[in-house]
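J.: Work out the full structure, taking the sequences as your base and the hints as a guide.
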Amino acid sequence: MTVLPGGFDAPEQPRRRRPGGPVFGGFLVVTATLYAAFALWRLVVSGLFDWDGISLTIAGLALTPYVVAAGLLLTVFVAVFRRWGSAVVVFSLSLALALTVLPRYIADAQPGTGGPVMRLLAVNMYYGRADADAVVSLARERAVDVLAISEMTPEAAAALQSAGLSELLPHRHFQPGPGASGSGVASRHPLDALDLTGRTTFAQPSVALQIEEQPVEVVAVHSMPPVSDSDAWRSDLRSLPRADKQGAVRILAGDFNATLDHAEFRRLLNGGYVDAADLLGKGLATTWPSIGNWPPVTLDHVLIDSRAAVRNFQIIDVPGSDHRAVLVTVRLPGSVFAE
1 MTVLPGGFDA PEQPRRRRPG GPVFGGFLVV TATLYAAFAL WRLVVSGLFD WDGISLTIAG
61 LALTPYVVAA GLLLTVFVAV FRRWGSAVVV FSLSLALALT VLPRYIADAQ PGTGGPVMRL
121 LAVNMYYGRA DADAVVSLAR ERAVDVLAIS EMTPEAAAAL QSAGLSELLP HRHFQPGPGA
181 SGSGVASRHP LDALDLTGRT TFAQPSVALQ IEEQPVEVVA VHSMPPVSDS DAWRSDLRSL
241 PRADKQGAVR ILAGDFNATL DHAEFRRLLN GGYVDAADLL GKGLATTWPS IGNWPPVTLD
301 HVLIDSRAAV RNFQIIDVPG SDHRAVLVTV RLPGSVFAE
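Residue 192 in our numbering is what sits at position 192 of the sequence shown, and the numbering runs on without skipping anything.
Errors might be hidden in some of the hints.
[What the hints assert, rightly or not] Here are the computed distance ranges between Cβ atoms for each label pair:
hint: 1; residue 1: V76; residue 2: P103; range: 23 to 29 Å
hint: 2; residue 1: L95; residue 2: L269; range: 19 to 25 Å
hint: 3; residue 1: K245; residue 2: D192; range: 18 to 24 Å
hint: 4; residue 1: E212; residue 2: L99; range: 48 to 54 Å
hint: 5; residue 1: D192; residue 2: L48; range: 38 to 44 Å
hint: 6; residue 1: A36; residue 2: A158; range: 48 to 54 Å
hint: 7; residue 1: L48; residue 2: V88; range: 19 to 25 Å
hint: 8; residue 1: S235; residue 2: I291; range: 24 to 30 Å
hint: 9; residue 1: D231; residue 2: Y66; range: 47 to 53 Å
No wet-lab data here; the hints were simulated from the structure.
Beta carbons are placed, not taken as given, at the ideal position from N, Cα and C, and that holds for glycine.
T.: Okay, structure coming up:
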């Protein structure tokens, strides 16, 4: 208390309180703490130690691009209410997460290639419910050389046949099954069935073919959703073959149920592949769900041998499917033995 001349005491100045009150302040601190926990999981546990965790954390990691945006908004919100320590922590972690996401907007350098062009379409039939006529029409309009199909039931296989697939892509290796278990590959060129994955939860057929005498191997990918069984999801992804730098150009195409924010998917990329969308700066193009639930994420991919180049990438809605189809144009290397 200040004593003024003449014996009068100066009135005490009331202490300025932070806006929002203690309850709201506590809510902000808890929210910032949860944000920090997510960011550290993505950056350290998944990013450095290559472990995605349990079903809940695996699903959460797929939302990383949205978490980046949420973190920037949370930073502003926390700063407005003068929780400066929380604001600094959230902003720093948001920036670190953003650095893992922003490269997906940037096209990467590609190898010079002089080989033939191959057009590949990957379609998820959604328990066989996708419009078979639309799938065949799309393959015809885009002059597709290879069609990779997941969630192909016996009924869907018959519907594709009735829609004229056998005239358009007469060579096939189909493993239809009930529900989501069936998959297949159809090709404009003769093919031979391979077994590049072994036993997996869903069928993941693989084939060998030639595009203008250049050998190519294709796997139709469909891994178990991690929210159903995280161990099976890991096992399915780990069963996929690595690229063979001394052999045929290898391409993995379909529903990986994984994003670039998953360590398991990045481990697969480190096996000699590049993600076609990421290579062209379209790594955040979302493929699921095309109907129903929200928010959309990037679960469908085409991974190509890093010796090849990607000339075009598109995602396309397919009537009746909950996934968007992925269409890529690949320029194969002039020699499969070129490094």
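J.: Evaluate each hint against the coordinates.
T.: Status of the hints after comparison with the structure:
no. : hint                    : verdict
1   : V76 x P103: 23 to 29 Å  : holds (25 Å)
2   : L95 x L269: 19 to 25 Å  : holds (24 Å)
3   : K245 x D192: 18 to 24 Å : holds (21 Å)
4   : E212 x L99: 48 to 54 Å  : violated (41 Å)
5   : D192 x L48: 38 to 44 Å  : holds (41 Å)
6   : A36 x A158: 48 to 54 Å  : holds (53 Å)
7   : L48 x V88: 19 to 25 Å   : holds (22 Å)
8   : S235 x I291: 24 to 30 Å : holds (29 Å)
9   : D231 x Y66: 47 to 53 Å  : violated (26 Å)
Violated hints for the displayed structure, listed by number in ascending order: 4, 9.
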